[in-house]
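> Read in order, the letters of the sequence shown correspond to residues 1 to 1042 in my numbering.
For the record, the hints were derived by calculation from the structure and aren't laboratory data. Please note that a few of the clues may not be correct.
[Stated by the list, open to error] Mimicking SDA-like on lysine to any residue, the simulated pairs with C-alpha atoms at most 25 Å apart in a straight line are:
1. 630 with 1023
2. 1037 with 1023
3. 107 with 397
4. 519 with 404
5. 238 with 248
6. 302 with 286
7. 420 with 402
8. 309 with 364
9. 402 with 511
10. 309 with 336
11. 335 with 302
12. 1034 with 932
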Amino acid sequence: MYVPVWCKSNFSFLEGASHPFEYVEACYEHGLEAMALTDRDGVYGVVQAHMEARKHDIQLLVGAEVTVAAHALALDERSTVVLIAQTRAGYANLCRLLTKGRLRCEKGDSVVTWQEVCEHADDLLCLWGGERSLLVGEESPEDVADGLREAFSDRLYAICARHRRAEEAETEARLLERAGRWEIPVVAAQEVLYHTVDRRPLQDILTCIRHGVTLHEAGRRLKPNAEHALEAPHAFRKLFKNRPEFIAHTREIADRCSFSMAQLRYRYPSERLPLGMTSAEWLRRLTYQGAMGRYRGHIPRKVRDQLEKELEIIEDLEYCGYFLTMKDIVDFCRKSDILCQGRGSAANSAVCYCLGITAVDPVRMKLLFERFISRERNEPPDIDLDIEHERREEVIQHVYDKYGRDHAAMVANVIRYRAKSAVRDVGKALGLPATSLDRLAKILSRADAPTDEVLKQAGLDPSSRAHELLMHYAHEILEFPRHLSIHPGGFLLGHEPVHDLVPIENGSMDERTVVQWDKYAVEDLGLFKVDLLGLGALTHLHKTFDLIERHRGVELSMATIPPDDEATYDMICEADTVGVFQIESRAQMNMLPRLRPREYYDLVVEISLVRPGPITGEMVHPYLNRRVGKEPVTYPHPSLEPVLERTLGVPLFQEQVMQLAVVAADYTPGEADQLRRDMGMWRKNGRMERHRERMRARMLEKGISEEFAERIFLQIQGFASYGFPESHAASFALISYATSYLRCHYLDEFTCALLNSQPMGFYRPATIVEDAKRHGVEIRPVDVLWSGWNCTLEKKQKSETAKEQKSNFAVRVGFRFLKGLREDEWEKLERARSERAFRSVEDLVRRTGLREQTLEKLAEAGALEPLEPDRRKALWKVKGLARTPQLALDLREKEETPDFDELADFESISWDYRTTQHSTRGHPLAHLREHLDGMGLPDAQTVRAMPHGRFVNYAGLVICRQRPSTASGTIFMTLEDETGFLNVIIWPSVYENFQLIAKTQDFLGISGQLQSEEGVVHLVAETLWRPRLERTPKGPKSRDFH
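Make the full structure from the sequences, and use the hints.
And the structure:
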């Protein structure tokens, strides 16, 4: 039996053609007892391989193929060596070495020196050989060999690699001579790049992608044969039949390695503590100090009991440092005037509430602490901290500054191939025309896989051999890692240097370092992760509060916003919620008039209800019917009433499923949490079946109906897709209410701040602008005399503010919306303007020194209208002035400006959209309304007032497309015109017939029946078509969520 000691997976990015788990599975099928994963300059895939190896009881050797050069900056003298960890200390040395190589290079590259390899040699095995190795080169590497022999001693092996190539006879002879001369034992190996020979063509494709060439251009970059598969034992023995001792050395290498990823023991960094105090004592003191503040000097008995229970578990599991870190980060945010709020399962913790990490009282809300931490699970807690998205970088740098780059690094995000990227990259490698690939990629959505039908829609022939290959390899490459990115906010912090756990490398952003594992790998190994997530809604809130204080002298915060405001809930019930956090989407807007929230907990339910869990478990309609009295509130068993009372006998939350298991099936809280965890893995490991039988049997014993037990189980499977915890919804509902209140009472400030917080939320700026205008907010265009970089508020003249108008201010659009304008160019304009106002276009051009391209943008957008009302004349002037040298004394004759046709209103709006992606001057369809009416196409407001069942023809601009995973292929669209939105339902059978225009048409015609129930209106499409107009309206690009 042999051990493959040189395997590279697809985590040797764009080189290996198999997943790590596929190698382990193949070893199991071949009867191999061990294997080494040695990806190029990293350990990216070892956790996946480790988890799979545990299932099959296969020994996983952890190593890497390391890129080496005589000098760190040498680009053309690079070689390789394979290093494998014998012990935990050896693994730390490997991680340190890889970190050194990665941090000195740009993202995606790595190189270390031979001296550095030798300095990190302790407890590492060194395998030297392969076609890129100095050991087989023409020149004898005497100095390198001496250094490696001294550093590694008997832990140095020479790799005899056989891939059935003619030239290997010469290089092998050279290797054996040198190995004999230097007394280096030889080990048999192949450079394994795929687990089965079937993947060889894909490996060629990956090689082309990596080098940016086509298959025809690749030449010697491609491997000359298919001898890089994981061999079965008999085939490997045959390959090295004349050298059985080389094979024996593979087993020797495995026997010398005792390291396993299971040995990683992680200690959270200790916080700086007051003299003489332990982490547990300091946490206790801070918790009770916070409790006194939260409960105004009197801590209720229930709260004390809960705090004692939590503190005991936190101390026993040694999590105190984690909570102190989160407290420190929250304190930094507050000191720096940065809005933040903990969410997720942390909101189940009274300790988090008292420390100020979360804003929801879990005792009052009766939330389940075991959803957050349980002894049985014995895994690190997960606290997500939402932070203003524009100021998150300040918090990230605070963490780096406090813990240092050695003890803090961000978690990676592995960017994998999806349909669009697969088609583009594979197609380029195959040499297909870029225009064809672009057309095909634009038709594909995130949920699509490349199919023959999609090829036809793109005008490509599915029977063509090139297109058949495109489809095949685009499918095969799906989910392959392409490169690393940075997790939105996950930090790995360590008491010991993080680079002893996992290599660290440079991120794509300046001053960011990232570990080589993603959040799933970190969680699989049970490591602590601090999540610092950017949330646009908090930025929006802060900016709104600032505007209200600046312009009205009113100080507001999330804590001082009046609760239970009737006008706010009236607005919510009408689904008038554009820009409101969490309840602005099409699905939420459709639910609001039916649910009719009147208090905070109603918002908690609203946020949770439009989720896969309740929908799949068929809990939505029963809840709504009970809420409006259409069916009685009943409970399947008296014991479940306390669990289900607040949700009218219908389970909606993860915590309720856990509590049901405790009450109805006698689970312990820890077992109930394991149930929750198994929810998310049921498709992979099938563990839910054991819960199904246990829960069913116990519920039947207690007199609970079989029908209800089965419905509960269906809901659990729904939660597997996206189970929403009550604690999460409770945290989000606070922000939802705050943004609703500000929209209701301070719409001017709300709109201005929302525009300044883009990109965020569900809608594009054009939709936000149109909605504000329909609500009486005046939006003024970008203007070189008045606009700042951000949008600003301008006080209206008294004559403009009639008593019946709610709006006191106008919103002036900022230059941030002028497409392609850099902020440094705006600063030039601002500096010149601050000296004195611009008197003319000539004055502006002369004093700002802006580029011709920038001046053209200002003219096209209408920003020069105060100086030259005619946009075409303004454009003519700036083109001429920008190309004319500026002289101290200009004696040239002034040229006459030609007479241009004035822009029609429709053209002005089109120019606005082209330059700022919205228009303050009107909606693209407003000036076509007369023509649309003549075609029998009513506006959205008219359609919404029509009776249920009416057949309607309608045309509007598509602003959103959605295909939820719970909707069985149904497509939902939102169309807009100058009067508002119209929601459209497209059943799968209809979508099948009109796929192409459904995906690609921005101005779309729909014919179908109107569905109007409980204040919710949909147009159910029967036919989709392209409206035939002389002028095609230019609108915002659709936001597509599918």
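> So, for every hint listed, does it hold in this structure?
The hints, checked one at a time:
{"no.": "1", "hint": "630 with 1023", "result": "violated, 35 Å"}
{"no.": "2", "hint": "1037 with 1023", "result": "holds, 22 Å"}
{"no.": "3", "hint": "107 with 397", "result": "holds, 19 Å"}
{"no.": "4", "hint": "519 with 404", "result": "holds, 21 Å"}
{"no.": "5", "hint": "238 with 248", "result": "holds, 14 Å"}
{"no.": "6", "hint": "302 with 286", "result": "holds, 19 Å"}
{"no.": "7", "hint": "420 with 402", "result": "violated, 41 Å"}
{"no.": "8", "hint": "309 with 364", "result": "holds, 16 Å"}
{"no.": "9", "hint": "402 with 511", "result": "holds, 14 Å"}
{"no.": "10", "hint": "309 with 336", "result": "violated, 33 Å"}
{"no.": "11", "hint": "335 with 302", "result": "violated, 31 Å"}
{"no.": "12", "hint": "1034 with 932", "result": "holds, 15 Å"}
The earlier numbered hints that this structure contradicts are 1, 7, 10 and 11.
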